[in-house]
Amino acid sequence: MMARMILWLVGCLLAAPLWAAPHGAAGHGVAGLESAEIGRAVQALCTKDVVLLGEDLHHASATTLNVKVRIVERLVRQCGFRGVVFESQFYDMLDVEHAMAAGTASRQQLADAIGALWSRYPQFAPLVGWLYDEAKAGRIRVGGMDPQAGGIAEHFSLERLPSVLSSVLTGERHKGCEDAIGRQNRWEYDDANPFDAMALRQLRGCLRDIRHRLQAMGRHAPPELSAMAASYAAWLGFADGDSGGRRDRAMYQNFAWLRSHWPKGTRIVVWCATVHAAKSLEGAYPGIRPFGSYVHAAFGSRAAAIGFSALGGSYGNAGGHGAPHVLGVAAAGSLEARAFTGPGSHALRFVGRAQLHDMGVSPARIINYAKPYTLDWSRVLDGVIVLRKEVAARAKS
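If you want this note's numbering, it's the 1-based position in the sequence shown plus 27.
Please keep in mind that the hints were generated in silico from the structure rather than gathered at the bench. Mixed in with the good hints there might be a few duds.
Stated by the list, open to error - Computed spacing ranges between beta-carbons, pair by pair:
#: 1; residue 1: A164; residue 2: G327; range: 31 to 39 angstroms
#: 2; residue 1: A226; residue 2: R246; range: 28 to 36 angstroms
#: 3; residue 1: S190; residue 2: K423; range: 53 to 61 angstroms
Backbone N, C-alpha and C define an ideal beta-carbon position, used for all residues, glycine too.
Using the sequences and the accompanying hints, generate a full structural model.
The following block contains the structure:
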């Protein structure tokens, strides 16, 4: 612990030329934000092994993106974090890792694998370029943890994953399962081939056979193929409805697999929604166990979950299209309003866990800008960054 604190102090004093900041980050609104408050957040996180950085569940908040980009960069440069895991598809990010090792990866491939949920925002672009350069140089590892497959830019899942998963099967079973998985990933269902209970049974049967074949191979089974098959089977387990947070459990299993296959002791930043980063969702989503609860069960005080909210402003729609939504001024007595009590006109405030505990039960829009929840937020998160003004993120046209 002391060694990590010393590392943080040294990082603050040195320019750290080997770890260049994301180029252009300051040009996208970060320069106007208090570096002292961001510094307080980084100091609170610097000695952790796992840091979960959440955001509103609409994934379309430009100021939040700006601050998260800066925090990720500082945790890597100043604190020695060497892994970044996104709430992105497990499969495509594994393909990026292979391409990095082979020297064939591109910035666009990394952006596509991270997914359109973030990669099409101008505020996110500096982070993509920086992550690409650092991963290419071997200084960090980048991964995804979402078991879902498909999307509009995840080319590995759309084009190659069906054949990769089916590769351990033979004959007609190979062909039938490759076709079924491809149809699912590309969502090529129609009247002749609808997505119904029969289609789901076929897919689950394919994954059962694939996993049985891999188990029969024993130590000769490719570890990544076994992990992808387990992940895909987990996705099919909630493809007809996610009760109890099965997606979150599968994300943690993928996260744990990545960590076990990365260099021992790799400290990781997780980029996701607050609804997943949370330690508990009781009082907001009863019966749902979030990803963050598994992380905290495994790491205890060595993990920290951080949420974001705002006093007012606007927020966008997932994907960054359509008219933005007004984020009205937070009500008096809310966590957001209480964060800005006192003199000064701060652009943001960091509310640490002790302060969250002292605040007790408060209404806040930390999980969902469209819906406040009244909770003891110290049971949900280890800190909250409250912005004075949020701005809706818009995707590049």
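So, going through the hints one by one against the coordinates:
Here the CB-CB span from A164 to G327 is close to 32 angstroms, well matched to the stated 31 to 39 angstroms. At roughly 34 angstroms, the beta carbons of A226 and R246 sit within the given window of 28 to 36 angstroms. Between S190 and K423 the C-beta distance comes to about 32 angstroms, which lies outside the given range of 53 to 61 angstroms.
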